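Trainee: Next come the chains, spelled out residue by residue.
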Amino acid sequence: MPRTINASLSTRPAPDTEAFPFEKERRRTLVSRPSVSDSVFRSVAFAAGGITVAIMLAVGVFLSIRASDALGVAGFSFLTEQEWSPESQSFGIASVLFGTITIALIAMCVAVPLALGTALLISEVAQGRLRSTLVTLVDLMAAVPSVVFGLWGVFFLQANVIPVASWISTYFGWIPFFRVSDASGDALTDASAFTSSAFIAGIVVGLMVVPTQTSVMREAFSQAPIGEREAAFALGSTRWGMIQAVVLPFGRGGIIGGTMLGLGRALGETIAVYMIISPIFTINWQLLKTGSNSVSALIALRYGESSAFGLSALMAAGLVLFLLTLVINFTASSIVARSRSGAESD
Amino acid sequence: MTPKTRWIRAIHALFALSAVVIVSLTGALPAQAVSYDPISGSGSTWSQNALDQWRTNVASNYGMTVNYNGGGSSTGRSDFIAGVVHFAVSEVPFQLAPENGTAPEVPTRGYAYMPIVAGGTSFMYNLKINGVRVSNLRLSGEVVTKIFTGVITNWNDPAIQADNPGLAMPDKGIVPVVRSDGSGSTAQFTLWMSKQHPDLWNAFCTSVNRPTPCGLTSQYPTFGNAKAQSLSSGVAGYVSQDYGEGAITYVEYSYALESGFPVAKVLNQAGYYVEPTASSVAVALTTAQIDQTPGPNYLTQILDGVYNSADARTYPLSSYSYMIVPTEVGGVFTAGKGFTLGAFANYMLCEGQQQAADLGYSPLPMNLVLAGFDQIKRIPGADTTGVDINKCNNPTFKPGDSPSSNQLALTAAQPQDCDKVGPNQCTTGTAGAPAETPVSGSGTGGSATGGTTETAAAAAAATGGAAASTGTAAVYDANGALISGGAAGSTLAGAAVATPFALADEGWGIQQSLMLLAATFLVAAAVLPPVFWRRLAPRGGRDGLK
Amino acid sequence: MTLTETTLTPAARSTHIPSPDGIAIGPRRRVRSARVGDRFNVLGAAAAAMALATLIFGWVTPLSGGIGWTIVAFLSFIGFYALLVSFTADFQEVKDRVMAVLLSSAGVVLFGALVFVVAFTLVRGQEALPHLNFFTESMEMAGPLDGLDVGGILHAIVGTLMQIGMALIITVPLGILTALFLNEVGGRFARFVRTISDAMTALPSIVAGLFVYSAIIVLITHQRSGFAAAMAITVMMLPIVIRASDIVLRLVAGNLREAAYALGSTRWRTIWHVVLPTARPGLATAVILGTARGIGETSPVLLTSGVTAVVNLNPFEGPMISLSLQVFDFVKSPEPNMIARGFGAAAVLILLVLALFAIARLIGGRGPGDLSRRQQQRVVAASLRDLQRITIRGDLRHPHQPAPLPPAPKKKESSS
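Line order of the protein sequences matches chains A, B and C.
If you read the first sequence in the working numbering, its first letter stands for residue 1, the second for the next number, and so on.
If you read the second sequence in the working numbering, its first letter stands for residue 1, the second for the next number, and so on.
If you read the third sequence in the working numbering, its first letter stands for residue 1, the second for the next number, and so on.
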């Protein structure tokens, strides 16, 4: 409480710890009177908090109100309809949401092993200057703009990943996800069948979220208690044995939290996905095949040509994405907070 | 150089410089005296290249600031309705009563359509035969429709082969690239399909769960192997990538010119395959009907005549692009903005048309310029004193011409004989890919480059010989015996053409098993001896190693 | 620090600080250096793996392609390495070695990929960057067919700086004050604010853009403008800045605050003279990293700023493009010159972000309480002087129990 303690304590220094005088005197009341600067600060800070909340709530409430128009029309079919045509009243986010989630999951498949490995490398293997350089590099990479990743994805990765995708689909085509076939079920081998796919977008988004995940995981690992590490070594453990027995169990919260935080970012990524994918409005189970979609790419694609109702439908889609990210982020932070490491998730 | 002469030179230079400055200032003063409010617009990417050029020109000549954001015609119309732009550009008018069940687009403020430029919706493609880029592809309207409705899916389809007797069409999948955003190009193209090939188009609409008859649409449905990309630049960009081989898209001619890729010649009613050059578009649009009844659709185009024009020089997918200008002050649109918009429009209709052909468009004819002048006068705040048909420096007419004539159409050359339906096929390139394509099919080639029409056989022999010397497998002598059997020739040629990217194998087979076995033996040969050696070695040796 | 605490406790009276004199200090041993055999294992496995991959690819099977070769070589390297290690070690050690290799390769792959992404952009940007006009001109006078010697990205650079500047004017005071509110004022409302702002970090940036587009542009200003873009960036950046500042402020040691209160200072004076100065480097880092995110985001700007080719200094009227959006707009074109400009603009954007990051490192690389070497030395010297003084006073008070004098402050012992 920002109050000045207005009690007149005796200025005489206490001669010894054994003889505190307050037991013998009568109890005093502590009357507090806020100073002017304090009350000004308090009200300014309160106002700042209030403005922040007002902005945030304005976003949330505005989105919800505008979205309710479209949701009222579409009803439950908003979640099951694949086509997006708000002008003719048939629209839903089944295919778009499916695309968003597949891209994010592919991104996680790329990002999590890399992030976990690199975080362990930084916290357990690298020493001294190398470690601090790597930490800086990871933080730096988290700030690289997403449009740069998009450029790389379109102008480099797209052309160079085609043989890999084609190879996977040829030899692992018996797994439904990896099959690339046309409408009649024949396998496709043309280069163009593998471009603009969820797979490519997923790789790019994966690389984009690795730095975030790495730094959260590294933070958690580096807090593993030194005593337990030394105990593991003293019992004859190898370094990997120590990591298995001490660091990983200790940092489990950090691993889960970091993964989910990355997942949240991957779900909301717009521009790189928009640049790479070829948007379709059907559910495409063939991840290597051209065509996917995501909620944010849909908004970027359609906001300009939408009527008022179309905008409302887009806001409903945005709201669903927001809620999804929100659930993931809160789950992540509660997992991190409850874990032993208790590392901050950001 | 002595210091003295250096001084003298410096003084001379100073004088010269100040003279230049004074001259330029006095010269520039009248132009700079008029100050223009900046205006911004959005819409069509079909005509964006022209608008970008004009925007640059008025900025350097008049100090006028025009911002243009190409986001697609649908975006332009939507922005105009929302009142966030001063003008919009679109190929199709506001859909006041759409046929396909979507909500009507009703602007709340007054507006007028003003034609700004003509052009051809072209079919830009990326196709190679034996590694040589094809630049002379010919397609009939039906084949185009079938490609973009998923009926024809391979380049060696007999229908495409029949259009191109001079090419041995490769066994390669067709990748139709369509627009993912709402677009005027899509609207023009689907309008043409719905008028010319309604059965194919409606069958397609049914297959993608759209109501029939579906008429024109701004949102192309995705289907089969089609790719969807946003904006004209997006579709053109996809086609021009290496992995875009086998792709074809519909885009304004200018994009093909700019990115260095060919466009397909499209068959017209007179039986000629025609490229969408400035003159063929101008000829085609002489048959366009312009809605002259005052009302919401005043000056909009009715293109049925263009689709079916009997003139041999016609490119059937020609159309106009429109600027939508406000006729009322309100919102962000003020009289000051109207002044700039009027001056910009006047520039576009007259001076700006000079560059249309170079950019890949076709200049507006006189009747539309006159009608456009009437629309300028309706813009609030526009200065109409400079609007004069006799001072209009437009390449399609001279002062004193009759409004219905078009100089470009009058002087347009007749198409070459090798562009006529038949076994001859021109070898000259199109659009941004001027290189000749060697004859590889059974038909004969012809060249349109010469001033006089050469005999087709001679040209074909020359190109055939040249191509044969490169050593490609599927080149046929144009004068050979194969000339009669088109189908036989195509299958033979097709068989010899390898698909560059396809893998030779399909999944796991005996070959793969053998390969794996061989690799396993190799690894075993490297790994097993030391392991066995250690097993067989006496105990002491192992302990010693530890 | 620990030294001071232990001597201050009452038990210190009976504790003798051992004298370092007379104890022989041997040479420091390196405990983690690799043995010669280990190095040979790595080299041998690498050689074998490359040989095997080349054999398989060129000789035994008709495979081809660099990526396949790399994968086969890597897998066989792991295999050979495990085999070689297993000759001299047990299973646990083999596992340890193989995992060390896997961790290192994860790091190499990740950093290789990330550095490659950045380097790719910089290298492709070299076509446009040497032209001076690229930095001094806008695209106003450059038509679709003009070469790289005409036109540049001045308008985008100006737009970026103006938009991020406006966003910072709002987010920095508001964000830091809110963070102070959360930490220093507290209460039920503060908990609510924290929950809301945490929730808003989940807001996808495109949704922030969509909000500004439909709430501000369509309803109020009726035009896309730099101001609208700044608002979208603000909505996106504010939760990031609040959260980061909150963490930094939370790290300010509680005993510093308590010391200030104990000296009778008011809450505001404590914040102004103790909390904020302590947290300043951290706050600067938080703001700069938020700025880097805000500059790089394209999606909120895509919906709100509009596209222009002209330098626009008026944020309230007319479109104002930013660098990231300009990159996106350039590379959409199929024309090679435009793509070269796009890469050039992306390179400028990267360099801008790198510069910001370097500044952040320079002024705020450390958390509060994490001192530079010189500061540490000063602190240690001061606490040793205190210790000496206290010990001497203690000796004066209890002359019957002489405690050995602590050693004179030496810089060598500053490491704890």
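FYI, nobody ran anything at the bench for these hints, they're computed from the structure.
Check the hints yourself; a few may be wrong.
Interface residues of chain B toward chain C, partial, derived using beta-carbon atoms under 7 Å [said to hold, decoys possible]:
#1 Ser35
#2 Thr56
#3 Gly63
#4 Gly83
#5 Thr102
#6 Pro104
#7 Pro107
#8 Glu258
Small disclaimer: the values here were computed from a predicted structure and weren't measured.
We treat Cβ as the ideally placed atom computed from N, Cα and C, and that holds for glycine.
Trainee: Does each hint fit the structure? Answer for all of them.
Mentor: Results for each hint:
| no. | hint | verdict |
| --- | --- | --- |
| 1 | Ser35 | violated (15 Å) |
| 2 | Thr56 | holds (4 Å) |
| 3 | Gly63 | violated (10 Å) |
| 4 | Gly83 | holds (5 Å) |
| 5 | Thr102 | violated (20 Å) |
| 6 | Pro104 | violated (19 Å) |
| 7 | Pro107 | violated (14 Å) |
| 8 | Glu258 | holds (5 Å) |
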